[in-house]
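Colleague: Protein chains in written order, with numbering that gives the first Met the number 0: chain A, 0 to 158; chain B, 0 to 461; chain C, 0 to 361.
Incorrect hints may have been included.
Stated by the list, open to error - Distance condition first, Cα-Cα at most 25 Å in a straight line; then the derived SDA-like pairs of lysine to any residue:
#1 K295/B with A27/A
#2 K77/A with F80/C
#3 K58/B with K224/B
Said to hold, decoys possible - Quick partial rundown of chain C residues pointing at chain A, CB under 7 Å, derived from the structure:
#4 F84
#5 G85
#6 L87
#7 L293
#8 L296
#9 N298
Said to hold, decoys possible - Residues from chain C that keep clear of chain B, each with C-beta distances beyond 12 Å, as calculated:
#10 A5
#11 H35
#12 R117
#13 T162
#14 V196
It is worth saying that the hints were derived from the structure and are not from the lab. For clarity, every value in this text was computed on a predicted model and none was experimentally measured. Glycine residues also receive a C-beta, built at the ideal position from the N, C-alpha and C atoms.
Residues per chain are reported as follows:
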Amino acid sequence: MNEPVKSNNIEEVTDLTTRRAFIAAAGAAGIVYTAAVGYPVYRYLASPAEMAASAAAVTEVSLKDAQKIPTGSALMFKFGPSPAMLIHHEDGTWVAFTAVCTHLGCTVQYEPAANRIHCACHGGVYDPNTGANVSGPPPKPLKRFTVLVNAADVKISRA
Amino acid sequence: MNYPFWNIPYLGSSWVIGIIAIFHVMISQFAVGGGFYLLFAERKAMREGRTDWHQQLIKHSKFFLTITGIYGTVSGVGIWFAIGLTHPEATSTLIHNFVFGWAIEWVFFMVELITAAVYYYTWDKIDPKLHLKVGWVYAGASAATLIIINGILTFMLTPGDTWLAVAGTGAEASKFWFAFFNPTYWPSLLLRSAVCISLAGVWALVTSSCIDGDKFPALKSSLVKWSVKWLMAAFVIVPFALIWYLWMVPASQRALLTLGIDTIGAGTFSVVTRIALLIIITSATIVGVAYQLAYKNPIDFNLSTAISILLLALMATAAGEYSREMLRKPYVIGGWMYSNGVRVKYVDAINRNGYLKDSLWVWKDSAGQSSSYSRGEAIFRGECSSCHTLDGYRPIRQLLAGRDRANIASFLKMLHEYKADSPYRRFMPPLSGTAEDVNDLTEYLNYQVNPPATKPQTLAQK
Amino acid sequence: MTQIAAASNSLYKWVDERLGLTEIIAFASHKTVPAHKHSFWYYWGGISLFLFLLQCFTGVLLLVYYRPGIDAYESVRQINFVMHFGWLIRSAHSWSANLFIFAIMVHMFSVFLMKAYRKPREFGWFSGLALLAIATVFGFSGYLLPMDELSYFATKVGLQIPTALPWIGTVIANMLRGGTEVTEFTVERFFALHVVVLPAIFLPLLSFHLWLVQRHGNALPPEEELKPAAERKSIPFFPNFFRKDLGMWLISLNVLALLASVFPWALGKPFDPLAPAPAGIHPEWYFMAPFEMLKVLGNWMPGAAGEIAGLLLFSTGIVLWVLIPFYDTTKENGRRARNAHYFGIAAITLLLITTILGYWTI
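Looking at chain A on its own, in the form it has when it is part of the complex (with noise of 0.2 Å):
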């Protein structure tokens, strides 16, 4: 190659700007690489330290006029970061469950009409008195609540 020597210089002007660019890149390709990882090994690694502290944060929750709820009927409340929900019976006893599936998470609802509580997402039952997963997929019972009916509200704690 009988190119000018000046070109050559710029060439390698050029070349080692690239090489900069580079390796800013395949720096920053590092830590995309590290963050991809990383980030997913530590949640796992700190789930139960979560799962801990967000039970702990909430024991109890106040449900100002839940006491005026008809029989046979429910209502959807937050417990902490998830759904529950409060039952009051045709035969005027009161019980509070998790809204959570066991299953794969879903809501679950209350349905009077045919006496369960019913998973839309796979159709999983639960008996609306206990809690017991009765039949389709759920493993577990729903978790219950103790409730507590004042003359003002509702009050619902961890069992």
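Once you've looked at the hints, dock chains B and C against the given chain A.
Modeller: Here is chains B and C on its own, set in the frame of chain A:
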């Protein structure tokens, strides 16, 4: 409404569009970026008097002409066939709105095809400066095709409020420019331009990897290094353009990013988010691999490595197109038409009058009577099969497995009611139709999910 | 800038004086790897190694929450649905296991067809085959651990096969099962096998294999051997080949990320020993060929005769495959070299056809 949707078992008709379109995008984006690559490479070779580059560029432009002129063109026409068959309603809306835009695109497309051929066949036959001008015409025309089709593609995701206000009045075309320069037009154009430039570099690596490094070390190392630089565009621009793009998408659509319901439990990003992250990771891999294997070591750079980089790039492109389609759910044209072809404002009328009111496509027995099962089948083809198949992609039999008739009915009722808090609302259209329609569909689906021992009478006659 | 450079220089010197890094780098850059048009196949050993490392990494993470025994399914369900990103880690483990076996197979067939088993690399061939055998046992034992419906029935069917052996068959099967049926005892011993016994055998064997590779270097395919030494090309192992290896690892990681996150590994229903086997039950793809051969032979020869014939055919094939270095010994590419080549092609064809047939007739 009520076209006999083109029924493709297992794959689903939407994947027919998907496969053709993804294939087409991989090539057409090369056609746009590759034009500029040839242009700049030729200019550089001319200015620096590199005859070896000149010879190599002739080979590369032959490869370019073959790939884009044959596979790109044929697959582009293939998209027209496929969308007309699988999604006549949406195609009709697009044509009514953009017939003028498409006409312009076809003009540029013809110019592109002709100049590509002229460019290749006039190497060394006409004045080099004139040849370069042909290159400019090609690059300009191919960029124009992207500029136009980008308006139509982004329109489908975000038609914009101005257009939606006149939609269905017959005056849609009066808001042509609003529909064209819709909210996601610019970020999408930037995103696609960056990808085009990078794909040009990737394909150029494929041809330059075939140069014999022992015989032409200077040519190979200079061309490989120069081509690798083209890859940087995507790496630098794509993450930012992607964020801008997602920012312009309506919040209801953005919600799909954090949704986990169609997948599984904890710590789950939705498919769209996972794919978006994968695109960023894949760009990182491409740059890392290209730097280590091509830039640092151009003489040893061989075809198998070049193909690996190409496959990674195509994988990222395909994933991007897939997630763009997913992001549009539950619409095919945002806010105006659901992905099963039902216009949002017709839902009430269908709920009153029935989905099959004007349908000619219901199986009838010899007495001219349709059964609940056959009406259900027609409804399934019309309302479900643009996304679901019985056994293949998003298989209905598997998704409804374990449900009895009452259970299927209650599920369909939920889709029909389409309450504001329904989790399915975010990615599925409502089930439009009367109570009888819902019952007919239940009949059909129950037959598919829980097949009875004996076939019903009407079915046997069919 | 200069201060940082000086500091890193003196740090390097400190480590170098104690560990001899310069010697290692000098040694590694002195080593060369042949470069020719079949070089691509040299990367598959490295890819297998990388996937094995990923197996260890994700495996240890799963070990954190997995509980063998009666609780096995529940603990996997917890990993999948309760622990953040547990689905991703389990999915990465399952996918990389499959890719791992696939990469070893590609490596093995390329070694076979490039005739890299010839003198002095016979032990590399034997140890490599042993590693593949252990990897499939890893796969078989790992498949049961979630104790869902599919894995339960696949294991049940798989453990039926040894019972066809006369006299000792039932004893072997019962020993593996920990009883006459697949139960929580089976999971417990498979777990011990999967995380303790197999790694304890695998790791030393792997070290031996890698030591042999370093000792003898990469083999040249026959057509390169024929060329005069001056025409052969090679590149330094460090940094050139090493860099390419790393590039391939990065690509493998990327492919794995794609598969694991877009196609998460499913978890079926919990197993129920009284339920009928679900339709279309079939083994993992790497067992599909022997499974299909047994099925086909079983159709020809009903009863135990079919199974015994199948086992015989298969063991004969494997023995011949293992012993190939003693048959095809010389660098002169004569009749024996051609026969070995045809044998390899026939084996690959047979495996491909039976695997495809297996999936076709599920």
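Colleague: Name the hints, by number, that the structure is in violation of.
Modeller: 7, 8, 9 and 11
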